[in-house]
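S.K.: One-letter residues, chain by chain:
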Amino acid sequence: MNKYDAFLIKYAEIGIKGKNRHIFEEALVRQIRIALRPCEGRFNVIRTYGRVFVEAASDYDFEEVTEALSHVFGIWGICPVAEYDLMPLEQLCETAAAFMKSEYPDGGTAETAHTFKVRTRRMNKEYPRDSLEINAEVGHAVLEACPNLSVDVHKPEITFSIEVREKIYLYSQVIPGPGGLPVGVGGKCMLLLSGGIDSPVAGYMVAKRGVRIDAVYFNAPPYTSERALQKVVDLAREISVYTGPIRLHNINFTEIQLYIYEKCPHDELTIIMRRYMMRIAERLAKENECLGLITGESIGQVASQTLAALAVTNEVCTLPVFRPLIGFDKEEIVQVSKKIGTYETSILPYEDCCTIFVAKHPVTKPKADVIRKHEHYLDEKIEEMVERAIETDEIINVSTYRPQE
Amino acid sequence: MVEKRDIYLDNSATTRCFPEAAALMNELFLEDYGNPSAMHHRGVTAERRISQARKTLAGILKVKEKNICFTSCGTESDNLAIIGAAMAMQRRGKHLITTQIEHPAVLEAMKYLESLGFEVTRLGVDRDGLVSPQEAAAAVRPDTILVSVMHTNNIIGAVEPVEEIGRAVKAANPGLLFHVDAVQGFGKAQIYPRRMNIDLLSVSGHKIHGPKGTGFLYIADGVRLVPLMHGGGQQGGLRSGTENVPGIAGMALAAQMLYKDLDADREKLFAMKNRLIERLGTVPDIVFNGRTDETAAPHILSVRVHGVRAEVLLHALEDRRIFVSAGSACSSNHPRPSETLMAIGVPQKELENSIRISLSVMNTMEEMDEAADTIAELVPFLRRFVRK
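Top to bottom, those sequences are chains A and B. Taking this note's numbering, the leading residue of the first sequence gets 893, the next gets one more, and so forth. Taking this note's numbering, the leading residue of the second sequence gets 167, the next gets one more, and so forth.
Just so you know, these hints were derived from the structure itself, not from any lab. Quick caveat: nothing in here was measured; it's all calculated off a predicted structure. Do not rely on the hints blindly, as some may be mistaken.
With a cut-off of at most 30 Å between alpha-carbon atoms, the simulated DSS-like pairs for lysine-lysine come out as follows [unchecked claim]: (1) 170/B - 277/B; (2) 1259/A - 1222/A; (3) 1252/A - 1080/A; (4) 232/B - 336/B; (5) 1155/A - 515/B; (6) 1252/A - 515/B.
Distance windows between CB atoms, simulated [to be verified]: (7) 955/A - 278/B: 46 to 54 Å; (8) 355/B - 955/A: 53 to 61 Å; (9) 182/B - 931/A: 40 to 48 Å; (10) 955/A - 199/B: 33 to 41 Å; (11) 172/B - 1283/A: 21 to 29 Å; (12) 931/A - 278/B: 58 to 66 Å; (13) 1171/A - 280/B: 50 to 58 Å; (14) 185/B - 1223/A: 26 to 34 Å; (15) 451/B - 1199/A: 27 to 35 Å; (16) 962/A - 484/B: 50 to 58 Å; (17) 1233/A - 402/B: 44 to 52 Å; (18) 451/B - 955/A: 25 to 33 Å.
Sample of chain A residues facing chain B (criterion: CB under 8 Å; computed from the structure) [unchecked claim]: (19) 1150; (20) 1153; (21) 1156.
Heads up, the beta-carbon is just placed ideally off N, CA and C, and yes, glycines get one too.
My request is simple: use the sequences and hints to build the entire structure.
M.R.: Structure (structure tokens):
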């Protein structure tokens, strides 16, 4: 049997969403259920007393479950809870002391000594003793059982919670969650996903604010390999751990890219290419009820991401373009990508379509009117090419619990 | 429309298993599945399968059955030969000789030995990729314990004069061992280790239409190696671990099938390769790396296409269901040009322009024509779009 019968899910911001609170809670419950799907065991995810409980209905793997929960946006903390039938205070003291002793087995040495306080909530007013009494008696029992713990009621390191309802619940640990808002409450966005380090992080950050993600990848066979596509599918799967299932649109961009290569000034290749990517992404976004685009751009990181270049890229879209990494240094982005687990995949050495024909000295201060003028060199065929690219869109459904082959 | 069939021209990477070998293995997985070390009947029948395989392979090389040690792959054969010999002979000397164009299984094993204090001389090659026996002999020192030269180069198909090299280095120092990596040569040429002064010969199963995960090392009489694997003492303690009975049997059957009509098969391979040379030779700015006559391997053709990155051509061919290899594993992030191409003096700028076409007896002349036509068709298009 597992030591903990349930997990109390603490959420931060949902609590302040007023009348919309139930929408957020329902989304949280749904995302928790999705996250727990691949886990061994059966769970009941319930909203009760204004909070979310994950009750274990069978044996489960503690690490697996806490890991899965720690990826659910909206969760601030996960408290493993032990559940008991109502019992008299004397017996509760014994049980609580034993619980704390097993929670902090190394509370035994002086070096690792912790401070704690007991915080009782007695919702069940039939229980014969009040919360102050319970705090005092249990605190005393815990001190006797764990001599190296000491009480600090103002700034305790450990808050030992006792909730007396129709049952008694004990918990003291808080496993940190990712914060944010549950995915799904904020609508959907289209992420421009390349094989690099930045775009998965950008998708993660927007999803963290409750936004569902669709993604688009621009493929350039034969200049890019099947492995480059596989890498992007893998990245999408890695962020889907947080975002839930992702529809990945695989767009064949070769024809457009070669056409730009032939018709436009070489140093403007990348910027014009980016503009067509944005146009196609926006089309896909609108067809798929997305309310915005997401890119991994950060000011000045490469030539196509100077402020001037971003402005020129941006003007082709009417949807808002979210760039959550705009003020991040590369090192900061790398840190997040390592934290969320996409870094290792991102650095695999397959080329993506942005690098194959890149000019040695691309323009860094493109002017919109010049670029627009040069885009007219493409007038003859570009529209049909864009249509064809969108028509031949290959949709790959990516999720963690149904791995793609 | 009839579905187009694959044209598989990457047989030096791996081959399709002969159906006969696959069928035999299937039978062994399901019927004769005993552990050859077991004392009961199932063990005895399994052991008999290994003996048969050993007999087949020894017959092909004209050596004794006890000279064959089964391994898990060509890489293991090379490592066992080189590291095993170096460890066993380090008191005699710590100098080894190899070439610049060996497979990584040899080059990396050598590098590992260098980290342990051994000294390695790497012989250069001429523009055809050939090692000079005189140069090899000149590099031999009194403390040289091992010389390792490949039989057939895996990138350009150069066939090394191993017999002459063996004779020359042994004349310079009779105490040294001569190792030959025959992963690309076995199954394509007659190799007789005893006649060719070879003490150690590495072979891989999956390059000869046998299964992956198989290989063997020929070890001459009187050669002592320190094992890499320690355990139950199988194969005379030289390679512990339960023998891969189905794999060993499948590999031996594949070898037997290849050597049954070797001369006719070589002829067929050369005819196909010559057709490619003839057809591709008419495409402007295509050259072949290494020799194109019949002193080279019958199954490997290295094609340098000026102005086209090999990887791009590879993917474009792949789109037509024609599968070749890039002559070098390369990418923008980790350029790693082929050691062989550098050693034969391919200019720096053209190191990424070579594809390797490698044939097997399963290919047909029609496939050669189609592959050549397709390359000829694709190259002008691909040349229009290059990094400026």
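S.K.: Take the hints in turn and mark each one as holding or not.
M.R.: Tested hints:
{"no.": "1", "hint": "170/B - 277/B", "verdict": "violated, 45 Å"}
{"no.": "2", "hint": "1259/A - 1222/A", "verdict": "holds, 26 Å"}
{"no.": "3", "hint": "1252/A - 1080/A", "verdict": "violated, 37 Å"}
{"no.": "4", "hint": "232/B - 336/B", "verdict": "holds, 24 Å"}
{"no.": "5", "hint": "1155/A - 515/B", "verdict": "holds, 26 Å"}
{"no.": "6", "hint": "1252/A - 515/B", "verdict": "holds, 16 Å"}
{"no.": "7", "hint": "955/A - 278/B: 46 to 54 Å", "verdict": "violated, 37 Å"}
{"no.": "8", "hint": "355/B - 955/A: 53 to 61 Å", "verdict": "holds, 56 Å"}
{"no.": "9", "hint": "182/B - 931/A: 40 to 48 Å", "verdict": "holds, 41 Å"}
{"no.": "10", "hint": "955/A - 199/B: 33 to 41 Å", "verdict": "holds, 37 Å"}
{"no.": "11", "hint": "172/B - 1283/A: 21 to 29 Å", "verdict": "holds, 28 Å"}
{"no.": "12", "hint": "931/A - 278/B: 58 to 66 Å", "verdict": "violated, 43 Å"}
{"no.": "13", "hint": "1171/A - 280/B: 50 to 58 Å", "verdict": "holds, 56 Å"}
{"no.": "14", "hint": "185/B - 1223/A: 26 to 34 Å", "verdict": "violated, 55 Å"}
{"no.": "15", "hint": "451/B - 1199/A: 27 to 35 Å", "verdict": "violated, 44 Å"}
{"no.": "16", "hint": "962/A - 484/B: 50 to 58 Å", "verdict": "violated, 41 Å"}
{"no.": "17", "hint": "1233/A - 402/B: 44 to 52 Å", "verdict": "holds, 47 Å"}
{"no.": "18", "hint": "451/B - 955/A: 25 to 33 Å", "verdict": "violated, 60 Å"}
{"no.": "19", "hint": "1150", "verdict": "holds, 6 Å"}
{"no.": "20", "hint": "1153", "verdict": "holds, 6 Å"}
{"no.": "21", "hint": "1156", "verdict": "violated, 12 Å"}
Consistency note: the structure conflicts with the earlier hints numbered 1, 3, 7, 12, 14, 15, 16, 18, 21.
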